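Enquirer: Sequence:
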Amino acid sequence: MSGIPDLTALAAEAVALITEAPDLEALEAARVRFLGRRAPLTELLGSIGTLAPDERGRVGRDGNAARRAIEDALDGRRGHLEAQAMGAALEADMADVTLPGNGHALGALHPITQVRLEVEDIFLGMGYAVADGPEVETGFNNFTALNTPDGHPARSESDTFFIEGGTDVLLRTQTSPVQIRTMQAGPPPVYVIAPGTVYRRDDVDATHSPMFHQVEGLAVDEGLSFAHLKGTITYFLQQLLGDREVRVIPHFFPFTEPSVDVSVAWTDGHGRTDWLEVAGAGMVDPNVFANVGYDPERWTGFAFGFGLDRIAMVRHGIADIRLLYEGDLRFLGQFP
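Take the sequence shown: its letters are residues 1 to 336, numbered as in this note's numbering.
Don't take each hint at face value.
Listed next, with one range per pair, are the computed distances between beta-carbon atoms [unchecked claim]:
id	residue 1	residue 2	range
1	Glu82	Arg38	25 to 33 Å
2	Pro40	Val97	48 to 56 Å
3	Gly103	Glu164	29 to 37 Å
4	Asn102	Thr267	35 to 43 Å
5	Glu164	Thr234	41 to 49 Å
6	Thr98	Glu326	34 to 42 Å
Quick caveat, the hints were computed from the structure, so don't treat them as lab data.
In this text the structure is predicted, and so the values were computed from the model without any measurement.
No residue lacks a Cβ here, since even glycine has one placed at the ideal position from N, Cα and C.
With the hints as extra help, turn the sequences into a complete structure.
Expert: Okay, structure coming up:
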């Protein structure tokens, strides 16, 4: 009994000292003094088991009450002192909230992305679905199934990026392989577009790049004709580019017959007007249908491929395709 301190007096002393603590450093010193590992109260509560049985209950009760009183005093004083410290810091570092903030320019979609989304919206409105596929393709999907035989110039290393020097794995030269994958996945009718990035060994100039963007389309149904193809292309270009002259002239593609090139009247950044090729198109060759298991005697279809980069050039009067890839924010900032 003689070794047990007056716990009520101890708590009162601690609370008084804590209440008068002038700062957080003094408050921490008071905490260590009264509740630290070697504080008398802590040692007493840790040694209750060594006390006489008739003392244990009282000491435990009074000791825990004293500890709670000290902890409550510490929490209250700490909150007060922290608020004071925060207020002093704010006063020392006052900001004039009436001054304008630091402006940050808003980002925007790249003009090619803007055009792609518009193209998708137009074709979705016409009942087409949007499909995607891998950029690394097989020779079968990229060439053979599209009626492009071995020995065709497009299959040479001078035109196509092959993976590790092989002849069966390559960077797709068009998004037409997505059409093949779509037809392999299910029966007609098919109405689908396939936007994406493609790769060809082109020399870089004002209208060519070894990496560019396409959106290809495919329609397969009973009774489709060239008139449906021309009507679809004309409607699409009118919706995208407005009232602009469109030229359709005969051409050759291995996977369509007959085939055409589609060009639009275009005024470049220097005020010169010319024709700019924006698409190739044609009626799907029956061999393509045979390669994917479609009956060419029952089904007809047409396919088309537009260059998204060139459409962006026409849309915005851009004279050089390289501007679209240089990442110059002064240029891109013109297309919010």
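Enquirer: Taking the hints in turn, state whether each one holds.
Expert: Evaluated hints:
1. Glu82 to Arg38: 25 to 33 Å: Once the Cβ atoms are compared, 26 Å apart, the range 25 to 33 Å for arginine 38 and glutamate 82 holds.
2. Pro40 to Val97: 48 to 56 Å: 51 Å, holds
3. Gly103 to Glu164: 29 to 37 Å: 49 Å, violated
4. Asn102 to Thr267: 35 to 43 Å: 40 Å, holds
5. Glu164 to Thr234: 41 to 49 Å: Check passed, 43 Å falls within 41 to 49 Å.
6. Thr98 to Glu326: 34 to 42 Å: Given range 34 to 42 Å: holds, Cβ gap about 41 Å.
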